[in-house]
Structures are given as structure tokens and as C-alpha cells.
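Chains A and B, in that order, are what the protein sequence lines are. Count the first sequence with the numbering used here and you get residues -1 to 112, in order. Count the second sequence with the numbering used here and you get residues -8 to 104, in order.
Calculated from the structure, these hints are not laboratory results. Quick reminder that beta carbons are idealized off the backbone N, C-alpha and C, glycines included. It cannot be assumed that every hint is accurate.
Which residues of chain B face chain A? A few of them, derived with a C-beta cut under 10 Å, are [said to hold, decoys possible]:
1. Gln28
2. Phe39
3. Glu47
4. Gly49
5. Ser85
6. Gln87
7. Gly96
8. Ser97
Taking lysine to any residue and the SDA-like style, the derived pairs with C-alpha atoms no more than 25 Å apart in a straight line are [as the list claims (entries may be wrong)]:
9. Lys34(A) <-> Thr77(B)
10. Lys34(A) <-> Thr(-4)(B)
11. Lys61(B) <-> Glu47(B)
12. Lys109(A) <-> Ser78(B)
13. Lys48(B) <-> Ser26(A)
14. Lys(-6)(B) <-> Gly80(A)
15. Lys109(A) <-> Arg100(B)
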Amino acid sequence: GEDVEQSLFLSVREGDSSVINCTYTDSSSTYLYWYKQEPGAGLQLLTYIFSNMDMKQDQRLTVLLNKKDKHLSLRIADTQTGDSAIYFCAENDILTGGGNKLTFGTGTQLKVEL
Amino acid sequence: DVKVTQSSRYLVKRTGEKVFLECVQDMDHENMFWYRQDPGLGLRLIYFSYDVKMKEKGDIPEGYSVSREKKERFSLILESASTNQTSMYLCASSPQGMAGGYTFGSGTRLTVV
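Let the hints inform the model, and build the full structure from the sequences given.
Here is the structure:
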């Protein structure tokens, strides 16, 4: 079955860049996603990338996709304390009846230190 | 503001009780999902539904059932709650298209004692 892996923890200093990595197994995934979860809240969609793209930039966020190695990364520039959260990578699978089902990684806890 | 609403933020139930977790979305989405979230395990799919009265098992359906009588509402049922079902439960919905991903509710933290 599908599998998505992430490291569990990342600690960075405020103002530095953060890079969160993810590997996935399903080469047929059409979209790959990054979600953010703040304490006590549900998941919020941060960004997504179509599988025929190598890179997508959205303000402080840069997503890099290496389809050959099935590796996805999220770079956060100028990391702030408000970026402290759990970040989930997800890949999509197409449902028989239409729509999509996402498989999530374990999440990476990002801690931003002053 | 579009949203997915889960009826309770916190619940405490006794072992053996029947528990209902309710989820309502106002976006006319076809697909709805129930996940549980546990530390170090990420999100695991319990059940999902891609149409009214349709349901599909996810990766960990044992001990759970679901109901989708109306498009906007997807209920998760714990037939006989057990302590190993203590967890954070997250509901999500998505439209038929693939882009955009899911919209999540705020979650229900269930404790079974």
C-alpha cells in the first residue's frame, strides 16, 4: 500500500530557513500536499504541487518535488515562532467512485527557537 | 466562510458506551472522511464516503462504523468504546476534483475511561 514517511522533529532558530522532508511510494500520485496543524486545531492546507512540476513558490514557502526519487520538501524562509506546528505531507489516491483519498505522513513537529 | 464542523471538541466516555461523533460540512462536498490522529502515527483513515449512503473502509475500520444519510453530514460511531480508542478524531471533506485537498474540522479529542 501507499506509504509516506517524514522525520518526527525539526528544530530551527528564528530567522533561519526550515526544510521539512517527505518520501512517498505511490508514483501515480497526481497531487502532493503540505498541511499545517497548530496545537489543538485541525489541519490547514498550506500548499500543494502538481506531479508534473518540480517547484512551486508561494511567499515564504517553496515546495520541491523530485519525482524520480519520490521526494518532496517544504522550505520555509525566515522561519518565525508562529511557524511552530506539525507539518504533514500527503499524497493522493484516486477513489473508484471519483474524488481523492489522501495518505498522510506521520507529521514533522517544527520547533522554532529564539 | 466555508467550514467543516465537528460537534464536540472534547468528549469523555466510559468503556462499553456507544459513542457518536458528528461532522457537518457546508461546502456541498461529495467526499467525507474520518481519521484518527495519534502521536508518532500521524493520521490514519478509519472510513470514508464518496456519496450519500455510500461508505468505504479505510485502513483501521475495526471497532467503528459510519453513517451518511445526508450529503452534508457524516457520523462516526463507536459501537462499544474501548480505552484504545482514546484519540483525536478528525473529520474532513473534499470535492470531486483532486486539486485543493481536504478541508478539516477542528477535531474531537475523545477520552475513554
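Consistency of the hints with the structure:
no.: 1; hint: Gln28; in the structure: holds (8 Å)
no.: 2; hint: Phe39; in the structure: holds (6 Å)
no.: 3; hint: Glu47; in the structure: holds (8 Å)
no.: 4; hint: Gly49; in the structure: holds (8 Å)
no.: 5; hint: Ser85; in the structure: holds (6 Å)
no.: 6; hint: Gln87; in the structure: holds (5 Å)
no.: 7; hint: Gly96; in the structure: holds (5 Å)
no.: 8; hint: Ser97; in the structure: holds (5 Å)
no.: 9; hint: Lys34(A) <-> Thr77(B); in the structure: holds (23 Å)
no.: 10; hint: Lys34(A) <-> Thr(-4)(B); in the structure: holds (18 Å)
no.: 11; hint: Lys61(B) <-> Glu47(B); in the structure: holds (16 Å)
no.: 12; hint: Lys109(A) <-> Ser78(B); in the structure: holds (23 Å)
no.: 13; hint: Lys48(B) <-> Ser26(A); in the structure: holds (21 Å)
no.: 14; hint: Lys(-6)(B) <-> Gly80(A); in the structure: holds (23 Å)
no.: 15; hint: Lys109(A) <-> Arg100(B); in the structure: holds (23 Å)
When each numbered hint is compared with the structure, no violation occurs for any of them.
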